[in-house]
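Start from chain A and add chains B and C according to the hints.
Chain by chain, the residues run as shown.
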Amino acid sequence: MRTLELDVPDWPGHRAGQHLDVRLTAEDGYQAERSYSIASPPGDGVALTVERLDDGEVSPYLVDEAREGDRVEVRGPIGGYFVWDGDEPEPVLLVGGGSGVVPLAAMARQRARVGSTAPMKLLLSSRTIEDVIYREELDALAGGGFEVVHTLTRSQPPGWTGYSRRIDRGLLAEVAWPASERPRVYVCGSTRFVDAAADGLLQVGYDARWIRTERFGATG
Amino acid sequence: MIVSRGFRGKRRDGPSDRVPPGQYLTDDFPVLSAGPTPHTPLEEWTFTIHGVDEPKGWTWDEFQALPRETVTVDIHCVTRWSKLDTVWEGVSVDTLLDEVGYDSPYALAFCDGGYTTNLPVEDLTGGKAWVAYSYGGEPLDPEHGGPARLLVPHLYFWKSAKWVRGLTLRDEDEPGFWETNGYHLRGDPWLEQRYWGD
Amino acid sequence: MTGTSELRLDGNAIGGLLLEVFGAEVTAAPCVCGSCGAREEMARLDVYIGAGIVVRCRHCEGVMLRIVQGHGQTWLDLSGAASLQLGPP
Chain A
1 MRTLELDVPD WPGHRAGQHL DVRLTAEDGY QAERSYSIAS PPGDGVALTV
51 ERLDDGEVSP YLVDEAREGD RVEVRGPIGG YFVWDGDEPE PVLLVGGGSG
101 VVPLAAMARQ RARVGSTAPM KLLLSSRTIE DVIYREELDA LAGGGFEVVH
151 TLTRSQPPGW TGYSRRIDRG LLAEVAWPAS ERPRVYVCGS TRFVDAAADG
201 LLQVGYDARW IRTERFGATG
Chain B
1001 MIVSRGFRGK RRDGPSDRVP PGQYLTDDFP VLSAGPTPHT PLEEWTFTIH
1051 GVDEPKGWTW DEFQALPRET VTVDIHCVTR WSKLDTVWEG VSVDTLLDEV
1101 GYDSPYALAF CDGGYTTNLP VEDLTGGKAW VAYSYGGEPL DPEHGGPARL
1151 LVPHLYFWKS AKWVRGLTLR DEDEPGFWET NGYHLRGDPW LEQRYWGD
Chain C
2001 MTGTSELRLD GNAIGGLLLE VFGAEVTAAP CVCGSCGARE EMARLDVYIG
2051 AGIVVRCRHC EGVMLRIVQG HGQTWLDLSG AASLQLGPP
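Chains as they are written, first to last, in our numbering: chain A, 1 to 220; chain B, 1001 to 1198; chain C, 2001 to 2089.
Isolated chain A, as found in the complex (with noise of 0.2 Å):
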């Protein structure tokens, strides 16, 4: 993983939860594209946590090559539906997997920022607790009505006592917010990942609604 911070001429602000599409463009004239959500909240300039993929296409130039004064292009801020504000006073609930977590760590900083008193739970799934992307940063955040929840899938740590599988209705049932609450939700990651966290949350009672969704492709 790499955070990238980027500084784009004439940027005109974003919300949390938007991305940037990238482009690179070889020496030859070959391009290759692809979509990074911004992990910094509005008004904390532009930044993007890149996940290597070893058989990825951009994604190993932006983590292993990319230095201080290279320069890509972006289009954006993109993204009217899967945002938060900081203004909405229901309570929200963040689902991520993997990677799925960097627009919802930008919701997440966009809280502490405003100061938000929305009541926010993170729920993130990651393979392992080294796979756990901005773990420092989201534990020093939670608190002030904000709460990080992990499920480790793949293995734990020696004395781990928080979940241990992948989400599924009953792990939900323990975490999500009461459907009573009608909370706001996004979720993010893979279509797999996507997909099954909000069919858990329709069987915990959740209205489809109230749940945002956002599907990243397998490639990098």
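Be aware that a few hints might be false.
Stated by the list, open to error - Below, a list of computed lysine to aspartate or glutamate pairs in the DMTMM-like style, where the Cα atoms sit at most 20 Å apart:
| # | chain 1 | residue 1 | chain 2 | residue 2 |
| --- | --- | --- | --- | --- |
| 1 | B | 1128 | B | 1173 |
| 2 | B | 1056 | B | 1043 |
| 3 | B | 1083 | A | 55 |
| 4 | B | 1010 | A | 73 |
| 5 | B | 1010 | A | 207 |
| 6 | B | 1056 | B | 1099 |
| 7 | B | 1010 | A | 57 |
| 8 | B | 1010 | A | 27 |
| 9 | B | 1083 | A | 57 |
| 10 | B | 1010 | A | 64 |
| 11 | B | 1010 | A | 55 |
| 12 | B | 1010 | A | 65 |
| 13 | A | 121 | A | 207 |
| 14 | B | 1010 | A | 54 |
| 15 | B | 1010 | A | 28 |
| 16 | B | 1010 | A | 21 |
| 17 | A | 121 | A | 137 |
Calculated from the structure, these hints are not laboratory results.
Frame of chain A, contents of chains B and C only:
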């Protein structure tokens, strides 16, 4: 154009007599799709030729009993990747068309899920096209078009329609799913016939 | 090997392309399916990346949009969508 210093991407160039202009080699087999993967049970699967005096159809078992060929071909996707020496097994379209009387110059391939693509019959005959049910020695995976797909390697791979269920022979060329929306009517990669107007 | 469900994304994935084509943010735009009449925001529709982009209704799987880009052109077929509602929320 802003060049990103040091960026190359994964692509490989290949020998120019095998890799058409504008294409790059891949070792993967990228999966591209226009819709959800259909799952037609083999006992319901048929392949049918329409637009002829006597439409002809085969069940899966009948299709499996037809003479089969194993071919090694290069394939070229309009999205710029090419894959060399891919091995397929299936029935030559010549074998299928030999069983019907026809004189139409064009065909429209139709598929589970609604995809269609148009081809001149000339591009389907003379040992240039197959209905393939095996890739790399294994039954063709549903995400790659199984149980059977059209295989027309000398044209861009959108013509090699996945989940093919038959051909309708026609007197006029009727553009299919992508040909009605910007992709070239014929799609010869060596002439770089990707889009309308190429 | 990637399962086929992973090939299906949602309208968020083409937000940038639509921003360029429409000159406006479209992911939150309500769209009505021409086949079944269901109304969903673009971000909630099923998106498939093939030779081109296909946007399908999540209820009936009917094709709503087809998008092909090449040679600086965009071919956009909206005939499967009864309507798109564009404008500020």
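Taking the hints in turn, this is what the structure says about them:
1. 1128/B x 1173/B: holds, 19 Å
2. 1056/B x 1043/B: With Cα atoms ~17 Å apart, residue 1056/B and residue 1043/B stay inside 20 Å; holds.
3. 1083/B x 55/A: With a Cα-Cα distance of about 17 Å, the restraint between residue 1083/B and residue 55/A holds, given a limit of 20 Å.
4. 1010/B x 73/A: The given pair, whose Cα atoms are some 19 Å apart, holds under the 20 Å limit.
5. 1010/B x 207/A: Cα-Cα ~43 Å, so violated.
6. 1056/B x 1099/B: holds, 8 Å
7. 1010/B x 57/A: Satisfied, since the Cα-Cα distance of roughly 5 Å is no more than 20 Å.
8. 1010/B x 27/A: holds, 14 Å
9. 1083/B x 57/A: OK: residue 1083/B and residue 57/A at ~17 Å, within 20 Å.
10. 1010/B x 64/A: Holds, at about 14 Å.
11. 1010/B x 55/A: holds, 8 Å
12. 1010/B x 65/A: holds, 14 Å
13. 121/A x 207/A: holds, 18 Å
14. 1010/B x 54/A: Distance ~11 Å between residue 1010/B and residue 54/A Cα, so the pair holds.
15. 1010/B x 28/A: Status holds; Cα separation ~14 Å.
16. 1010/B x 21/A: Satisfied, since the Cα-Cα distance of roughly 19 Å is no more than 20 Å.
17. 121/A x 137/A: Holds, because 15 Å separates the two Cα atoms, which is no more than 20 Å.
Of the hints listed earlier, the one the structure fails to meet is number 5.
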